[in-house]
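Enquirer: Sequential numbering from 1 applies to the sequence shown in my numbering.
Wrong hints could be hidden among the right ones.
[Stated by the list, open to error] Cβ pair distances, simulated, as ranges:
| id | residue 1 | residue 2 | range |
| --- | --- | --- | --- |
| 1 | Ala269 | Asp350 | 39 to 49 Å |
| 2 | Gly270 | Gly364 | 21 to 31 Å |
| 3 | Val352 | Gly237 | 51 to 61 Å |
[Stated by the list, open to error] Cross-link-like lysine-lysine pairs, in silico, BS3-like; alpha carbons within 25 Å at most:
| id | residue 1 | residue 2 |
| --- | --- | --- |
| 4 | Lys87 | Lys231 |
| 5 | Lys87 | Lys224 |
| 6 | Lys210 | Lys224 |
No lab work stands behind these hints, which were simulated from the structure alone.
Glycine included, each C-beta is placed from N, C-alpha and C at the ideal position.
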Amino acid sequence: MLAIAAGPFVLLLAPWQQTVRGAGRVVAYAPLDRQQAVEAPISGRVVRWWVQEGSRVAEGDPVFEIADIDPLRIQRLEAQRDALQLKLDAFETQVLQYASIVDNTRDLGQLTVEAATARKEEAMERVSAAEAQVAAVLAELTAAELQVERKRRLVESGAVSDRQLEIAEADFAVAQASVREARAKLDGARADQRSMERDLDRSRVDALAKVSSAEASLAESRSKAADARQKLAELEGDISRQQSQLVTAPRGGVVHRLSGNQGGEIVSAGDPLLTLVPDTSDRAVELWIDGNDIPLVTDGSPVRLQFEGWPAVQFTGWPRAAVGTFGGVVSIVDPTDDGQGRFRALVIPDDVEQWPSPRYLRQGVRAKGWVLLNEVTIGQELWRQLNGFPPVIADEEPEAVARKRLK
């Protein structure tokens with residue numbers, strides 16, 4: 001009787017594994033290995049299928065052939081391409097011609113500027129010579145003026161005759177005339193210099209304008225050539241797509257669904273015509289977990305999995321007593337939900353147990369999962385359930401908790 005009475009209290013001390021439950025399906029771990037659609041490269045009709053649902057294909061095997069609605073479309077596209085190629089050749093020739101014109105205009109402008117510069121320098125030299133001439137005749141004028149004054153004093157004293165004074169005054173008049181002539185030449189030389197400077201400025205402006213005009217024509221030709229080149233590339237792409245009427249399998253795998261009918265149905269470019277499930281042995285389980293529990297799930301958390309079609313008995317709280325379940329580890333937890341408050345956790349096989357063969361465990365098989373958290377007593381778990389506490393209460397970051405669980 002004592003043992004029976006003490007049994008419930010002893011049971012409260014039994015261990016209990018806290019878990020977070022989720023449900024999902026088997027998928028390929030790599031996104032490129034998951035189910036994918038093969039689309040129509042062009043608009044037209046499917047004229048031949050090489051596969052049917054369930055067919056196994058290797059990468060590069062033909063799967064269907066599609067024909068354009070307009071049988072002459074390729075010929076018209078090729079004619080457009082040839083015409084556009086001729087236009088592109090003409091534009092490229094024009095680019096070379098304008099490039100040559102730019103070089104020639106730049107060289108000619110440089111020669112014109114150099115000639116104007118030389119004329120300006122010659123004018124400056126003439127100004128310098130005229131200034132020197134003015135200085136010389138001014139010196140002569142000063143000397144003649146001094147001579148006249150000296151002769152006048154000598155005439156007054158009777159030392160020289162009036163004739164010598166007249167000669168001195170005549171020399172002074174000649175010197176004055178020479179000064180006026182030299183100054184006139186200086187003014188003319190300076191006027192020529194200013195004219196040459198204006199010619200030089202005008203030559204520079206004209207040369208720059210001509211070069212700018214030629215460069216603008218060159219840029220316009222290059223722009224036209226670039227536009228023609230772009231249109232030609234687009235046409236080449238259209239022709240390539242039209243010629244891609246034989247569609248091959250992008251990956252090795254199994255044909256899951258055929259979406260297009262052969263013969264009469266018209267399909268548009270981009271319409272999915274078949275669904276392919278690639279071959280892969282790198283599998284994972286996509287578990288969807290409630291948003292209330294997702295803070296407790298971290299990368300590296302251990303998981304027990306039950307696959308649809310495998311007899312299993314899962315004892316919540318005692319995973320070691322479960323039969324028919326398989327081990328896994330959380331690899332990725334999505335940073336956001338699916339729009340309905342659920343978060344995806346990607347579970348991969350652990351290093352302890354091997355999952356069933358891909359022959360039996362195919363993509364799409366439904367699965368249930370239990371993410372293992374802390375191990376507590378049944379009494380603690382009952383207390384938590386009665387008070388509505390979360391399974392784990394920790395002040396540490398989730399990564400630190402996960403590292404402790406893995407140790």
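Enquirer: Hint by hint, which ones does this structure get wrong, listed from lowest number up?
Expert: Every hint satisfied by this model.
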